[in-house]
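Chemist: This is what each chain is made of:
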Amino acid sequence: MSNTFNIRIGGEAGQGLVSIGSILLRAIAREGWYLFAHQDYESRIRGGNNYFQIRLANEPIATWVDKLDLTVSLDRATIGRARKNLTEDSLVIYDPDVFRNEELPFTPGENYIALPFAQVTEELGQPRIMANAVAAGAIWAFLSDDFSVLADVLGELFGRRGAEIVEGNQLVAKAGFDRVQGLASKRQKPARPEHPAERILLSGNDALPLGALAAGLKFMSAYPMTPSTGVTEYISRNGRKASVVMEQAEDEISAINMAIGASFAGVRAMTATSGGGFALMTEALSLAGSAEIPIVVVNAQRPGPSTGLPTRTEQGDLTFAVAMSFGDFPRAVLAPGDVEEAFYLMGDAFNLAERYQMPVVVLSDQHLADSYTTVTPFSVDRVEIDRGKVVSGAEGGPDYLRYKLTEDGISPRLYPGFGDGLVISAGDEHDEKGHLTEDGEMRRKMVEKRMAKQKLVEEEALPPVICGVEDPELVLIGFGSTKGAIAEAVANLNERGTRAQGVHLPQVFPLPASLEEILTGPGEKYVVEGNASGQLQALIASRFAWKPTGCVRRYDGRPINACYILNELKGGGACD
Amino acid sequence: MTKDIGFVTAKETAWCPGCGNFGILRALSRALEELELRPQDVLYVSGIGQAGKTPHYIAGNVLNTLHGRTLPTATGAKLANGDLTVFAIGGDGDGYAEGGNHFLHAIRKNVDITYLVHDNQVFGLTKGQASPRSDQGMVTGTTPAGVANEAFNPLATAITLNGGFVARSYAGDQQHLTRTIKAAVQHRGFALVDILQPCVTFNKINTYQYYRERVYDLDQDGSYDRTDRKAAWEKSWEWGDRIPIGILYQVERPTLADQYSGILTTPLVRQERDTAVVHALVESFKV
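Each protein sequence line maps, in turn, to chains B and R.
Each step along the first sequence adds one to the number in our numbering, with nothing skipped, and position 183 is 183.
One rule links them: number in our numbering = place in the second sequence (from 1) + 1000.
Accuracy of the hints is not assured; some may be wrong.
[Said to hold, decoys possible] Chain R stretches covered by chain B per the calculated footprint, using a threshold of three residues with CB under 8 Å from any CB of chain B:
id, stretch
1, 1036 to 1044
2, 1059 to 1070
3, 1079 to 1086
4, 1255 to 1264
5, 1278 to 1286
[Unchecked claim] Residues of chain R clear of chain B, computed beta-carbon distances all greater than 10 Å:
id, residue
6, 1097
7, 1132
8, 1141
9, 1176
10, 1220
11, 1274
[Unchecked claim] 27 Å max Cα-Cα, derived DSS-like pairs, lysine-lysine:
id, chain 1, residue 1, chain 2, residue 2
12, R, 1204, B, 404
13, R, 1286, B, 174
14, B, 189, R, 1286
15, B, 84, B, 570
16, B, 433, B, 67
17, B, 241, R, 1286
18, R, 1011, B, 445
19, B, 433, R, 1286
20, B, 67, B, 186
21, B, 241, B, 84
Please keep in mind that the hints were generated in silico from the structure rather than gathered at the bench.
For clarity, every value in this text was computed on a predicted model and none was experimentally measured.
Don't be surprised by glycine CBs; every beta carbon is placed ideally from N, CA and C.
Kindly generate the complete structure, drawing on both the sequences and the hints.
Modeler: Quick look at the structure:
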């Protein structure tokens, strides 16, 4: 991966890191590069140390790396945190004013470039708040000789705030660009793709709600919780255009019950939350299971237990999401690995939920939620809508039975008011009509009817996504946001002569039966996952009575990348 | 056993003989008949408890939900299909204990539904424990020394939150209850009807006789002004020797659906995916 270039912009919360990040992402993508950008931030509004890290390349990339080529430090802490990731070619741009009257914790020179961001801004008669644009300009000097691209992006992003703000930002960004030109002109610019393709740039928290809209979402209710809030805010901002109601609820219990009510009435409905909020929703998931009401829940995982590390990442809710609630009822759990899968899997989630009239959980995590990637524009037409068995008019007549016992366990739905029949739905055990019953025989039939659907869900489980060689000596198995990291580790191993294969599971429950072939096939197997107890490993083991050769786990709240996997496999030294 | 009248469909019920629920069932049926509603256009969202069984004994669509969750579920259903006349039905334990937070916010949101609370001041289905509405001193299975907590006042709470329709009625007064339910359905916005309902098995204090001696109709002399919020709030605290029933407070406020007026001109359930809009949203991520 020598043709990638890695930039970190670090500073305190409130210094405009996301703003610089957004500007640079857009400018970089517009110049044709592929990129992967992730965010590391603390659970606070001001202060602390956060960073925005952008990796760009001349070919598609799907994960991040540790080694930093260019670091911009708006505060003091960024430099200390970045040090272990610097090489002798790495550059650091720092603000000397934050170290005023102190000895510098490094040796200034070719690798450490002083640029007083706020001072430059003030000298040009602009407010200090624009200091981050100086940093953006300085970074741009190491990527391109053409300042106009950055100027255009600044115009687009600040255009709404008026010409004065746009011109001020452009002025100080140009100053940053010029100030480092002496050094930047001596450095080789990162390689660009030969034939840049048309792409879109977005995060997991953009792709999931966009996928839901493409799937015909009509109703969402949610209670804000990091890192899922981006999904909720996206629908709040854009839902109206697509005739979608997004109602903020008083708590997660209300959020999911509102969505269930809307779904019962006949619209596609979802909610989004994170660990603790998901825990509050579990009672309602059981209602949806019993009353056979479709519902889609996005759970953007963060490290628990309890409120844990609110702004960091983990894959620690897998066992919980699969167990979901009390009682036996059919369900599915999907786990997109990148923004593209996030978009298309939302279509699958709604189709599954409606075909089998059951809850479907989509497991995201902070790393997927907050990371940006450039991808081929999504095709809305590729998202087919299958609403399952639904009757109306004469078929939904007076004899309509909401829970009619059928061979496949699926009873056609009737939306209330869409036929002469009445729709009687109940979470309490019920008869075919939907009325409450305590009859043991009817209870047994209803349990069997519901669980018959689970078998069908398993039969159509999404297959594993395979990368690497067909006859591996080493197999890395993972789910969710580790997809890119595993793919890059596999590519790296194959380059170095180890025949490796990656197995990504976009559906973790029920697991596809075809996984067994891989498990019993050639090669040592390692399960890669972001939790301490090996939840994916346990899930696979319980389904296939299987044991891997070993495992790679991470639970320090940071995302897994290829370097981490290789280090864990080889005992260090893999990232050099 | 219930008489086969109007909307009532049940031949038998799971209620105790003499239960206040029978009176509520009959009044609800009469109100629906007089409003000339079609059962197909009515949705009852019920909680858990003896009150929550009501919808299974009367014609209409039913969504039997979880304990305490009637209001959010009914809110979602109403937003998805505004053509439905939606009732949320539950007991005082369901609505004021388990569902207390939802109660506050449903009033704030002013979703256009009718909320019938079968208020028997005790947990019946779990066989006699204190509810938030139990009078202080009442001895129950969980309060052997008598209830110490202040009783919850749903009417004062609703008026405090500027609830659009705040009423109390009594299961033993068919005419009053029928009239009040009708007015609640006709009110545009969230309508609370707290219904005094004797529990013949577990509440030996608040009996038919207890209510017969105390209940009086607010509108009996035509002088009560239900638009005066402050007076209504004061009236809501009257409890003891005399207990007022009637519409304590009524005001028209924008409903939850009004917030989505551009979207809900046609019920959501009758709208399809707008592919062009989604395509444009995808395009908006182009760089």
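Chemist: Any hints this thing doesn't respect? Which numbers, in order?
Modeler: Hints 11, 12, 16, 19 and 21 contradicted; others consistent.
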